[in-house]
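**Q** Sequences are here, hints too, so could you generate the full structure?
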Amino acid sequence: MLEAAPATTGRRVHIDKQTPRAYRALVSAAEAVRTAAAECGLDRRLVELVNLRVSQLNGCAYCLKVHTAAALRAGETAQRLGVLAAWRDTELFTPGERAALALAESVTHPADAAAQEGAYALARETLNDDEISAVIWVAIAINSFNRVSILSKHPVRDDPS
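Residue numbers (the UniProt record's numbering): 1 to 161.
Read the hints as simulated data drawn from the structure, not as lab findings. In this text, a Cβ means the ideal position worked out from N, Cα and C, and glycines have one as well. Incorrect hints may appear among the rest.
[Claimed, not checked] Computed Cβ-Cβ distance ranges for the label pairs, DEER-style:
no., residue 1, residue 2, range
1, LEU81, LEU26, 36 to 46 Å
2, ALA114, ARG157, 34 to 44 Å
3, PRO20, THR77, 19 to 29 Å
4, PRO20, GLY118, 15 to 25 Å
5, ARG21, VAL83, 24 to 34 Å
6, ALA22, PRO95, 32 to 42 Å
7, LYS17, ILE140, 14 to 24 Å
8, ASP130, SER28, 35 to 45 Å
9, ASP158, ALA113, 37 to 47 Å
10, HIS14, ALA86, 24 to 34 Å
[As the list claims (entries may be wrong)] Below, simulated DSS-like cross-link-like pairs (lysine-lysine); rule was C-alpha separation at most 25 Å, straight line:
no., residue 1, residue 2
11, LYS17, LYS153
12, LYS153, LYS65
13, LYS65, LYS17
**A** Here you go:
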């Protein structure tokens, strides 16, 4: 009979603080991604929807908190944020947003080749090459930040009102 591994009770290493040069490089890459997204005309709300959907899929509470606030600041509605996890079942998202969300999901779960091909085909119908590239890079960047936050167990604290 196998024994269960002991639960870890120790403090997690905040890898962003422990290896700041690597984290700064990740932040710089994310800034370049944001610039590319803006330059090709991706709406900031769409960028935040991608950040949120990827963070939902990865279960990153810290990034969900950060990007929900950013989406609201960018003008996203509470209604659309509330149904984002079930975006396929609503008519609240435009064809371009739907394509971007499907593409972001395929970046987050690349092993599903059929879904990836379907998402790419959908993206081709509504997004140009620059937009496709930007959406993919946004998804890659937030996936990286999700992993930093999840593995570091970044705390989610209540904001004082």
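**Q** Could you run down the list of hints and mark each one as holding or not?
**A** So, going through the hints one by one against the coordinates:
At roughly 25 Å, the beta-carbon separation of LEU81 and LEU26 lies outside the given 36 to 46 Å, and the hint is violated. The beta-carbon spacing between ALA114 and ARG157, approximately 40 Å, falls within the hinted interval of 34 to 44 Å. Roughly 36 Å separates the CB atoms of PRO20 and THR77, a value that falls outside the hinted 19 to 29 Å. Range check, PRO20 to GLY118: Cβ separation about 40 Å, and the 15 to 25 Å hint is violated.
At about 40 Å, the CB distance of ARG21 to VAL83 disagrees with the hint of 24 to 34 Å. In this structure, ALA22 and PRO95 meet the distance hint of 32 to 42 Å, their C-beta atoms being roughly 38 Å apart. The hinted range of 14 to 24 Å is satisfied by LYS17 and ILE140, whose Cβ atoms lie roughly 23 Å apart. Evaluation of the 35 to 45 Å hint for ASP130 and SER28 yields a failure: the beta carbon distance comes to about 20 Å.
Between ASP158 and ALA113 the Cβ separation comes to about 41 Å, which falls inside the hinted range of 37 to 47 Å. In this structure, HIS14 and ALA86 meet the distance hint of 24 to 34 Å, their C-beta atoms being roughly 33 Å apart. Our distance criterion of 25 Å between C-alpha atoms is met by LYS17 and LYS153, whose separation comes to about 12 Å. Proposed proximity of LYS153 and LYS65 is supported: the alpha carbons are some 14 Å apart, at most 25 Å.
Taking the CA atoms of LYS65 and LYS17, the gap is near 20 Å; set against the 25 Å cutoff, the hint holds.
The earlier numbered hints that this structure contradicts are 1, 3, 4, 5 and 8.
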